[in-house]
Amino acid sequence: MQLVILLIALGGLAAIGYYLARRKLLGAAARESIRPHSMPGYHGWYVAVWCALPSAVVLLIWLLFEERILEALLISSLGPEAAMLSGEMLGLLLNDIRNLAAGDAVSRAADPALLAAAERYGAMRDTARAALLGGGLALAAAGLAWSWHHVAPAFRARHRVEKMVRFALILASCVAVVTTVGIILSVLFESIRFFSIIPVGEFLFGLEWSPQTAIREDQIGSSGAFGAVPLFTGTLLITLIAMLVALPIGLFSAVYMAEFASPRVRNTVKPILEILAGVPTVVYGFFAALTVAPALRGFGNSIGLDVASESALAAGAVMGIMIIPFISSLSDDAIVAVPRSLREGSLAMGATRSETVVKVILPAALPGIVAACLLAVSRAIGETMIVVMAAGLAAKLTANPLDAVTTVTAQMVTLLVGDQEFDSAKTLAAFALGLALFLATLALNVLALYIARKYREQYE
Amino acid sequence: MIEKGWQTSERATRRLKKRYRRERRLKAAGILAIGLALGVLVLLLGSVISRGYPAFVKTEIALEITFDARLIDPSGSGEAKQLAKGKYGRALRQALFAKFPDVVERAERRNLTQLFSKAARFELREMILDQPDWIGTTQRVWLTAASDVDMLTKGSLPRDVPQAERRLNDQQLAWVDHFEAAGNLRTVFNGGFFTGSDSREPELAGIGGALAGSFWTLLITLVLAFPLGVAAAVYLQEFAPKNRLTDFIEVNINNLAAVPSIVFGLLGLAIFIQLFELPRSTAIVGGLTLMLMTLPTIIIATRAALAAVPPSIREAAHGVGASPVQVVSHHVLPLAMPGIMTGTIIGMARALGETAPLLMIGMVAFIVDIPSAPFDSATALPVQIFLWADSPERGFEEKMSAAIIVLLAFLIIMNALAVILRRRFETRW
Chain C
725 MQLVILLIAL GGLAAIGYYL ARRKLLGAAA RESIRPHSMP GYHGWYVAVW CALPSAVVLL
785 IWLLFEERIL EALLISSLGP EAAMLSGEML GLLLNDIRNL AAGDAVSRAA DPALLAAAER
845 YGAMRDTARA ALLGGGLALA AAGLAWSWHH VAPAFRARHR VEKMVRFALI LASCVAVVTT
905 VGIILSVLFE SIRFFSIIPV GEFLFGLEWS PQTAIREDQI GSSGAFGAVP LFTGTLLITL
965 IAMLVALPIG LFSAVYMAEF ASPRVRNTVK PILEILAGVP TVVYGFFAAL TVAPALRGFG
1025 NSIGLDVASE SALAAGAVMG IMIIPFISSL SDDAIVAVPR SLREGSLAMG ATRSETVVKV
1085 ILPAALPGIV AACLLAVSRA IGETMIVVMA AGLAAKLTAN PLDAVTTVTA QMVTLLVGDQ
1145 EFDSAKTLAA FALGLALFLA TLALNVLALY IARKYREQYE
Chain Y
516 MIEKGWQTSE RATRRLKKRY RRERRLKAAG ILAIGLALGV LVLLLGSVIS RGYPAFVKTE
576 IALEITFDAR LIDPSGSGEA KQLAKGKYGR ALRQALFAKF PDVVERAERR NLTQLFSKAA
636 RFELREMILD QPDWIGTTQR VWLTAASDVD MLTKGSLPRD VPQAERRLND QQLAWVDHFE
696 AAGNLRTVFN GGFFTGSDSR EPELAGIGGA LAGSFWTLLI TLVLAFPLGV AAAVYLQEFA
756 PKNRLTDFIE VNINNLAAVP SIVFGLLGLA IFIQLFELPR STAIVGGLTL MLMTLPTIII
816 ATRAALAAVP PSIREAAHGV GASPVQVVSH HVLPLAMPGI MTGTIIGMAR ALGETAPLLM
876 IGMVAFIVDI PSAPFDSATA LPVQIFLWAD SPERGFEEKM SAAIIVLLAF LIIMNALAVI
936 LRRRFETRW
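Residue numbers (my numbering), protein chains in the order written: chain C, 725 to 1184; chain Y, 516 to 944.
Please note: incorrect hints may appear among the correct ones.
Stated by the list, open to error - Output of the computed footprint for chain Y on chain C, the stretches with three or more beta carbons under 8 Å from beta carbons of chain Y:
| # | region |
| --- | --- |
| 1 | 907-913 |
| 2 | 976-983 |
| 3 | 1078-1087 |
| 4 | 1168-1175 |
These are computed hints drawn from the structure, not numbers from a lab.
Please read these numbers as outputs of a predicted model, since none were measured by experiment.
Using N, Cα and C, we set each Cβ at its ideal position, and we do this for glycine too.
Whole structure, please, built from the sequences with the hints as guidance.
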């Protein structure tokens, strides 16, 4: 509630600041009868930004860390017994206190100590929020007064505001870098924690994957095995099947579209093919699991083959369909980018169109096509929903496409869906798999970009 | 077609024929490939639509219910609070047993009541709360049938298999036929599918909750990703000096666009849930995660749109004394807006269909309440489809397909909007 009040008040103050600055400037300009350096709006914006920005930043930082600060205060106020508790018990206790304070159901009888703690927690939060409200408003008022003081006809408000704008733009463009760094750090840190439990060698070269770790020490099957080789081979198998489906279809349709089709056919068929790229992956997963897999199984049984109901073939084939438009449109770009002179030179020598395509255009477009394939492979190994819904869960080291295999992404989902704590080897394994996936796709993407870029230089 | 000319030898003619054959073969391969791709698309859409469209209707059964005052309002006060506590299940059962007096065995009676949805008694309660004067009267009312009956009337449940392999036994089939023969069975538009939320009972499950979850998630994505993406693109395209830092940022953005979506889910899990301790399974975390995923798409599209604005516009604005920021904000950005909007809509369409990152941050819970704010637990439409795909009940299959139809409809609308925007407002310089 206080937050909403604070936000509204900040907006109001900023508007008032805008108005005051304009009035002050216009008044001063009229009195001294000089033309101000900047237009009144810039003065207004200058004051408004100085009014709202500092307390908005404080507010954001507070919101991000409120829970942690309150928790630390609460634990220190609970006395030495609480500090002795293990992490989980402490979490449970804190949760109960929080729920009590919010008036929700709790998992234990509310003894007076707990009630007192809940009251303290509530009081602390109220104090903190009130302080935030007061402090935020004071900060905003201070900013307003300070910047309003600057407003004068000679003041270069436009320069100041434009500097702020540029700074904001730079910040925005750094979000992408921060995201990359965030991905690397988050995945890396958890992976390091994982590798402190399971050695890297065992993860990378182990042949057995069964991540069921025990919750209690004495439970049967408590020795989780984290050898990721079956996952890697499963991913590769499904990717291979997908590429075997997508590459010929995508390439042939790209060639036809770029070299043979009339503009009318091209303009109608191309957008329709792009629909395949726009269909959500969960729909492909549905298609693979409920239409393709049963059909394959039925067909296999009718000719005496034993096809698993979650065969790699079904998932791979549907994944291949998903990446057809990817290959076809990227190859199409590469083919169209081949200079006309090459094409016409070949035709002028008496080569047929197909000879021109096979002997001149495809070799010239090869780097672009290879780049397209690498990007498609990167898409295929990172694809999640199709394999989660249509591929198996049991890790099996096999090259038989009719068998059920599991993939890196499917395992990441199974490991992380459901409530778990973040320090078991099981959940951390998902991050290690994520690291492997990220590095693999990154390498493929960089390689594809490198090949595509090198190729572009040839004809320019 | 190939005439033997004065300079063409026998062998050359044969070779030429062979070369033309090869030409035709390549062409045929191209047509075959396109045909295959289009055929699969048709098969995909066909299998979704043929499975899904029955979910837009539901089966109802009419019954003469006596709203006995002793059951519904024993205190006789007529207050809504008392009426809400009435024994409507009993009323339903009494009416049923009165209709079939020869059904006396317990198991048989249970089978009989199982023809109706578990929500039937709540429907009765709603009726009484709406019309309290029905108490003490006998009314013919339409009640939602159980999912199995629904499947049967829609033909999804085969009748001609042995009883042991059927969800409904012979007696239940006979009852359903009895209702149908007497005109007491009908199919009506299933409005609950669009307004209801997830349920364990297939006949009650709806996508309302998932739609609301998707709405809040996408709202947050849009509100954050659009300004950030446009700002970043403006900086990189219009202001950034050509140096190592901007090169690095560019490479980063291009790479992020190709990072698998599930990795963004890991990021969301580690940063937003673990580090910032935002509540799990909420639209705010989903929106933040999808924002990071959509950002590169929007940046790349915006840069392309900005690059398409000719330099003469900028030079003219500079020439009359505009500052660099004014050039961009008064001229370049408005001119590029249609392209930016198109890119944003396409990015949002992708975010709407995205499932994997939302699984990672726990938006896969079974949630009955419709989320009304970004901090409520929520699920999204594609995740709902995934959840129903995991459900064993037969009735969820058509629900899932129907949810896919709705999802595809939204995507088609969004993409059509993008195309229209491009056609209408894009200027060719």
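To see whether the hints hold, each was checked on the structure:
1. 907-913: holds (count 4)
2. 976-983: holds (count 5)
3. 1078-1087: holds (count 4)
4. 1168-1175: Per the Cβ count (3), the hint holds.
Every hint from the earlier list agrees with this structure, and none is contradicted.
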